[in-house]
Amino acid sequence: MRPMNPPPAGMRGPMRLPGGPRGFLTEEEKQNKPKLTKGLSKRIVRYLLPYKWHFLLVFIAISLSAVLGLFPSVITGRIVDAISDGSSEINDLLKLVLIAFGVLASSQVIMVLEQYINSWISQRIIYDMRNEMYDHLQHMPHSFFTNEKQGDIITRMNSDINGVSTVISGTLTSLVSNTLTVASSVFYLFYTDWRLAIVGLLVLPALILPTKQVGKKRWELVSLAQEKQDELNQHINETLSVSGSMLVKLFTKEKTEYEKFRSINEETTKITIREHRAGSWFHVVLGMFIQIAPLMIYFAGGFLIIGKIDKGLTVGDITVVVALVNRLYQPVRQLLDIEVSFVRSLALFTRIFEYLDRKCEIENPENPVKPSLDNASVEFKNVKFYYEETKSVLKNVSFYVPDGKMYAIVGTSGAGKSTIIGLIPRLYDVIDGSVMVAGEDVRNYDLNYLRTNIGTVTQDTYLFNGTILENLLYAKPDATKEEIEEACRVANIYDFITGLPDGFDTIVGNRGLKLSGGEKQRVSIARVILKNPKILILDEATSSLDSVSESLIQSALDRVMENRTSIVIAHRLSTVMAADKIMLLENGEITQTGSHDQLLECSKGYRELYETQFRRVIEYEKNKSF
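Following the numbering used here, the numbering of the sequence shown begins with 1084 at its first residue and continues without gaps.
Hints were generated in silico from the structure; no laboratory data involved. Just so you know, even glycine gets a beta-carbon here, dropped at the ideal spot from N, CA and C. Some clues are possibly wrong.
[Claimed, not checked] Pairwise CB distance ranges (calculated): (1) Pro1133 / Ile1236: 19 to 29 angstroms; (2) Leu1596 / Thr1473: 34 to 44 angstroms; (3) Lys1474 / Lys1332: 36 to 46 angstroms; (4) Val1150 / Ser1346: 34 to 44 angstroms; (5) Thr1120 / Ser1167: 36 to 46 angstroms; (6) Pro1454 / Thr1676: 18 to 28 angstroms; (7) Val1192 / Ser1167: 28 to 38 angstroms.
Turn these sequences into a full structure, and let the hints guide you.
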C-alpha cells in the first residue's frame, strides 16, 4: 500500500492509515464494555507505581517534544517572510535554517530517549505481570488445566500480557502526547491569527471523519480476510503436520485436500483484493482533501492581505497556520479514538485479572505438617468426589493400603480409577471424606513435602523436549552420575541409552516422540527411581506395548515397587496376580477386595472383567508363543 504523503514537520510518528488499529467498537465490544471501577483502577496503578519516576521522565520528554514541535512550523514562516520582504541578509536565512535544524535534531533525540524509556517501562511491566501469571497458574489445581482450553491459557500468558505494552507505550503516552500537541498547536494557531485558525479548524473534520468511516468499512473486509486466513492456516496445520500428512497419504486424499486448500485460498485472495481496492480509492479522495485544506487557508489569508483587511498579516503567518493544521491531523484523530483505546485497554486488563482472580483451591494449610513416612500407609475414608455436581465419580470409597504393600485397582473404563490416584498427591481434593497418608489427612500436609514423597508413572508418559539427562534430572537436579546410571539400570534402559550416538545427551523430541513407547516409559520409570519416593502410584501402560518392552518394564516395575507402598491401576493379569490385594472398582465404589482367586470365586463383576480383559490377554500371549 502506497503512503499518502510524508507527515508534516513536528508530527509524532507516521500517519496511520485506516486498516490499522480499529477506530470504532464492534457490537460485541459495546455490549461487553468493562467498567472502570475504583478497584480496577487501583490494580492497574499497582503495576505502574514501581516505575513512577520513569513515567515522570517520559512525560517531561513528551512535553518538551510537543513544544519543540512548534518551532519548525514557526521558523518556516519566518524564513518565508524573510525571503518575501527582500530585506534580510543571507546570513539571517542561514541562521534560521541552522536553528530549525538544531530544534529538529533536539526533538528527535528527545523522542528517541522517550521511546527508549517508554519501551523499558512497558517491558518491565510485562516481565512483572508474566512472572505473576506464571506463578499463579503453576499453583492452580489440576482441574483448571483439564477444564480450560490450552489455547486460552497461552493467549493470557502471551498475547494479552504482551498487549499491555501497547497500552503503556501506546494508549497512555499517546493520550498525554496528543493532548499536549493539540493544546500547543491550537494555542499558537490563535496566537498567529484567530481568523485563519478558525478556517483551519473547520477544515479538520473534513479530513478526519471520512477516514473513520472508510476505516470501519476496510476493517470489516480485513476481519473477513483474517477469518479466511485463519481457515487457511488451520487447513495447512492439519494436513501438513506429521500426523496429518500421514493420514492424507494413507487415505489417498491429496487431491481432495488440495481442492479444499485452493478454494479457501481463492476466497482469501478475492477478499484481500477488495480490501486493497477500497483503500486505494479512499486515498485518492483523502489526498485531494489534504491538498484542498491548505488552499482554503491560503485563500482566506490571501483575501485578508490582498483586500488590505489585515496589514499585519504576512505570508509567513499563513504558512505557519497551514503547517500547524497539518500537525493537528493525527493527534486529533487519535484523541477522537481514545474511547476505543480506553475500552480495549480495560478489556485487556480485565481478561488478565480474570485469570489472576481464579482461586487456587488446593493450597498449603496455615500450619502444614511433615510427618515421618517410615510407615507410609494410604487410607481412603468414605471418600466422595465429583467433577460436576450432577455426576458423581466416587461414592463412599474406603480402603487401606499398609506400608510396603502393593494393591491393585481394577475396573472398567470410567469407573474412577484415575480419580483415586489423583486424590493421593492432592491433584484434586475430596468433596467429602478424607485421604490419609501415614495416618494424616493429606490436606494437612505441606504440599511440596507430600508430592516429593509420591512417585507417579502414568499411562501417558510425558517427556520435555530436551535431552534424556535433562528429563532424568527433573526428578533430582543434584543427582550424581552414579545415581543416574543406577536408576537407568534398575529401569532396564541403561544399555539402550549408552548405545545411542549421543548417549544421555540424546534429544528426545517433543513429548519424547523420538523414542518408542517402551523407551519413553522406561525413562519415566528411571526418573521416578531417582526421586526415590515413599509411595508409588502406577497407571500401568504396558498393554499397548510389544512383549519385549512389556517384559523389560514389568521387570523394572517389580524392582521399583519392592518395599514401597504401591497403588497400581492394573491392565495386565501379571500385575493383578502379583498384588497383595486387588480392589474392584465399579461405578465409583469399591465393591470387592481380595486376591485373584478369591475375587474369581465370589465376585461376578471381577469374573466378567477377567473374561473380557484378562483372559483375552492370556490367550493372545499363548497364541504368540506358537
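How the hints compare with the structure:
no.	hint	verdict
1	Pro1133 / Ile1236: 19 to 29 angstroms	holds (26 angstroms)
2	Leu1596 / Thr1473: 34 to 44 angstroms	holds (38 angstroms)
3	Lys1474 / Lys1332: 36 to 46 angstroms	holds (41 angstroms)
4	Val1150 / Ser1346: 34 to 44 angstroms	violated (57 angstroms)
5	Thr1120 / Ser1167: 36 to 46 angstroms	violated (59 angstroms)
6	Pro1454 / Thr1676: 18 to 28 angstroms	holds (26 angstroms)
7	Val1192 / Ser1167: 28 to 38 angstroms	holds (32 angstroms)
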